[in-house]
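A.B. asks: One-letter residues, chain by chain:
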Amino acid sequence: MSSSYNQLLPTAARSLLSSCRSPIRTAPMAPVFLGFHQQVRGAKNNPQAKGKKDLPVKKGRKGPKEFRQKNLKDVEQFALCDAMRYIRAAEVGREPALSKYEIHVRLRTMRDGPVIRNMLRFPHSVQTESRICVICPPGSRHEKEARAAGAVLVGEKDVFEAVKNGKIEFDRCIAHPDSLDALNKAGLGRILGPRGLMPSAKHGTVVEDVAARVEMLRGGTVYRERDAVIRLPIGQLGFSPEQLRDNLRATIDQIKKDAAALNDRINKEIYEVVLSSTHGPGFSLNGEFKTDSSPDSLSLSGA
Amino acid sequence: MVNLFKRMRKLQTILNIRVGTGAAIFPSAPSATKDFPAITRLHLTYARKIYHGHQGARHFWRNCLPRLKYHNPAVQVTVKQTDDQEGPAALTIYFAEQASKAAGLNAATITDKHAPAPTDTEKTTTVDVKNIDYKEIWNKVMMMTGAQEVTPTTEEEAQLKKLEQMKQRAEQDRARVQGIRQAKKDQERMLQEARGEVEKLKEL
Numbered sequence: 001m002s003s004s005y006n007q008l009l010p011t012a013a014r015s016l017l018s019s020c021r022s023p024i025r026t027a028p029m030a031p032v033f034l035g036f037h038q039q040v041r042g043a044k045n046n047p048q049a050k051g052k053k054d055l056p057v058k059k060g061r062k063g064p065k066e067f068r069q070k071n072l073k074d075v076e077q078f079a080l081c082d083a084m085r086y087i088r089a090a091e092v093g094r095e096p097a098l099s100k101y102e103i104h105v106r107l108r109t110m111r112d113g114p115v116i117r118n119m120l121r122f123p124h125s126v127q128t129e130s131r132i133c134v135i136c137p138p139g140s141r142h143e144k145e146a147r148a149a150g151a152v153l154v155g156e157k158d159v160f161e162a163v164k165n166g167k168i169e170f171d172r173c174i175a176h177p178d179s180l181d182a183l184n185k186a187g188l189g190r191i192l193g194p195r196g197l198m199p200s201a202k203h204g205t206v207v208e209d210v211a212a213r214v215e216m217l218r219g220g221t222v223y224r225e226r227d228a229v230i231r232l233p234i235g236q237l238g239f240s241p242e243q244l245r246d247n248l249r250a251t252i253d254q255i256k257k258d259a260a261a262l263n264d265r266i267n268k269e270i271y272e273v274v275l276s277s278t279h280g281p282g283f284s285l286n287g288e289f290k291t292d293s294s295p296d297s298l299s300l301s302g303a
Numbered sequence: 001m002v003n004l005f006k007r008m009r010k011l012q013t014i015l016n017i018r019v020g021t022g023a024a025i026f027p028s029a030p031s032a033t034k035d036f037p038a039i040t041r042l043h044l045t046y047a048r049k050i051y052h053g054h055q056g057a058r059h060f061w062r063n064c065l066p067r068l069k070y071h072n073p074a075v076q077v078t079v080k081q082t083d084d085q086e087g088p089a090a091l092t093i094y095f096a097e098q099a100s101k102a103a104g105l106n107a108a109t110i111t112d113k114h115a116p117a118p119t120d121t122e123k124t125t126t127v128d129v130k131n132i133d134y135k136e137i138w139n140k141v142m143m144m145t146g147a148q149e150v151t152p153t154t155e156e157e158a159q160l161k162k163l164e165q166m167k168q169r170a171e172q173d174r175a176r177v178q179g180i181r182q183a184k185k186d187q188e189r190m191l192q193e194a195r196g197e198v199e200k201l202k203e204l
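Sequence order for the protein chains is A and B.
Going by full-length UniProt numbering, the residue at position 229 of the first sequence is 229; the numbering climbs one at a time, nothing skipped.
Going by full-length UniProt numbering, the residue at position 186 of the second sequence is 186; the numbering climbs one at a time, nothing skipped.
Certain hints may be false.
Said to hold, decoys possible - Calculated cross-link-like contacts (lysine-lysine; reagent style BS3-like; alpha-carbon spacing at most 25 Å):
{"no.": "1", "chain 1": "B", "residue 1": "K123", "chain 2": "B", "residue 2": "K34"}
{"no.": "2", "chain 1": "A", "residue 1": "K73", "chain 2": "B", "residue 2": "K123"}
{"no.": "3", "chain 1": "A", "residue 1": "K256", "chain 2": "A", "residue 2": "K65"}
{"no.": "4", "chain 1": "A", "residue 1": "K70", "chain 2": "B", "residue 2": "K6"}
{"no.": "5", "chain 1": "B", "residue 1": "K10", "chain 2": "A", "residue 2": "K70"}
Claimed, not checked - In silico negatives: residues of chain B with every beta carbon more than 10 Å from chain A:
{"no.": "6", "residue": "T33"}
{"no.": "7", "residue": "P66"}
{"no.": "8", "residue": "P73"}
{"no.": "9", "residue": "V77"}
{"no.": "10", "residue": "T78"}
{"no.": "11", "residue": "A175"}
Calculated directly from the structure, the hints in this document are not laboratory data.
Owing to the predicted nature of the structure, the values given are computational and were not obtained by experimental measurement.
Beta carbons are placed, not taken as given, at the ideal position from N, Cα and C, and that holds for glycine.
With the rest of the complex left out, here is chain B (with noise of 0.2 Å):
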């Protein structure tokens, strides 16, 4: 069984999901404005591999969606994971009713085919989102929905430094340990070599 301690440790790093780049509420149905519409779903495409720009949008998955998805759990979100690393990286934003104008000066021309159809009611706008830094992305996708960002009570901003701080000791902890296995280890080594050499005038 995993220590307790440990396990309750471990989780604490739940509070990543909570807090950071991303974490935002979109607008929905009762504070859906003129300027900013309710979001009703995300779409994001992009390629397996890093290269040619894919690596933004796959952060941005990574980092930005999960807290997004905590904040906003209505809102539906689907990645799609092509092969064609030449081919488009592309966030679909889904607007109920009509887009935003902010979404209108930033929509891309590309199409993005693994999107799925948006109903009659619903419009899209799509974001390129190849070559660039997730939290650029995450600028666009905020500028471009209004969303609110959540800002971290008190309580929870102290235990982000609490776990840096841990984070931070571990790895001093981490080297200290390695040294002395390894100290352990050139010792028995040199023990081996030693008893090698008894053995040899043994023989003698």
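Only chain A is shown next, with the shape it has when bound in the complex (with noise of 0.2 Å):
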């Protein structure tokens, strides 16, 4: 123990530690230097043995090159019709409107590369109604067509005094350019930001042509993939298990199209589809739509 106190002092100090050891070093106290000794070599918030020695640091090793995904053999899988049924159940009571199906489909892809990132429209729309918000000057042309394309909430002021009311009633928010300004004025970062509708270039939610980007949104979703998981809502939970399929086999379809359209060298593969709800947990599909046990068909659907 002594000998690496004396490595890691100064000679002067360590003639000065060693006239004064023995005060320091009572009884109770033995055991923990006897840990610290122990410690100094794996340390890493170690001052003095960073100080001491440029040992040639261990570079965090490079993973495997692919996401690890996990050999599925041992996974409890589901038709369709049951996944419901349980996430049915887990829902129940919930604001039919609020809750949704979402499914997480996992790929078999690279830690780097290209990522799939689209847009789909579904068979059955997901949205109940989205209620969009476009923040532009009153009586300018962007705000005609804005409401033609199915704006809610459509002006400057007026939207920036319901907002600060907490009066948020709607889910996307845009803004033109001409109101940008204003907008960042009047302070809504603060009530919109943690909700995620603080319009923002970076996002794509500041844009000249207001109206295109409207219809855009109350179409389709947009989608894309992190950590080797696309994760998107894929139906109301009042959907009959043949419109969540039909949902379902189109979202699957596109995404297949994705990985395929990307380049040639990167091969990117569905490995497990997961549906889940809002509320609910999660069940791994087995591409089943239904087995015998499974209710009719009537009964899984509505709220």
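With the hints in hand, could you dock these two chains into one complex?
C.D. replies: What follows is the structure in structure tokens.
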């Protein structure tokens, strides 16, 4: 133990230390120091050890090049109707407009390299009614266009007032560049920011062509791959199994197409599809539609 | 990615949706009798907080309704949470054709204004569920509707037992690991103090 100390301290201090070491090392402290001695080597945040030697720091070894995906043979998988039955039970009594089915498509893919990102139109619309707010100068051409495209809330001052009063009756927000200054001055970032509604150029929610954007937002669902998983809402809770199946098929087909459209050398394939919901558990799907024990599809639809 | 084993272990808790208080099958159109007509819908209203006796109703929603919904997927269930703590906590049962006799005995005089209106062929009975435990609510519901309880199979029972054992084991392990972590932390703190003393000595 003393040797380790002598290495770490300058000579002057060493002699000083040796002269008065005994009072420090009282009996109960001894085991603690012992632990210290062991720790010096491995401790990452030990300033003394760092200054002492320029040991070649072991860089974090590069992990596997692909996302590690385990063998699914032990995974309990469900038919669509059975999974829906559980999910509907777990979501019982929830506001049907708020709860959605969602899927998580897990991919076998490289850790780096391109990711899938695209937009998709479902055969059965997921959003009950996407209420879109457009912030643009009142009375302008854009206002008329936005309203025509189906925006619910259009304006500048009155929108700000409503938001400040806590009345947020929209779930998407787009701004026209002309109103950006007014928007920033109004200081709504604190209210809209946490909800992800604050328009910003980075997210593509500050655009010139407001009307086209509104059209787009109303129609499609945007998805992207993150850490080898694509997550997206796929249906309302009231959907029948057939409707959900149609949406699921459309999604999987689209994702397969996206994967094929990427560079030739990049190989992405779907590895697992998990059906979940806003409040419910997730069920790995086995690709079957229903089993013998699953209830008829009529009873699995509706609120 | 979540550990596969952990994930599957967690998924086993869906067993709680299948068995437990409230796992029962309501009489449906084919199995309805004169005494116990088919059930078409349920509606529950209660207040957001638990005081003034709204606890049981909330627990009923949390515990029993998922199981009921699992075993009776066709029965629509709606739940309304109000902000009115003084207001009623009420469970409305919708019978096809006519209400059961037992329902008539239990019917409360309260009205639930949040409950959706019954259709022409439905008869409703409202139960006051204020200030009663969810198990009592369930007993009442069972008595009124003639629901047949689903008894867990031996496998399910074995699994339940296993899960319970795992839970107890987890508690012990948690305490053990907490001890280890605390010991490590204490040691680090003492080291820090000791190092401080060395620095002081250096300055001397």
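A.B. asks: Flag every earlier hint the structure violates by its number, smallest first.
C.D. replies: Structure breaks hints 2, 7, 8, 9, 10.
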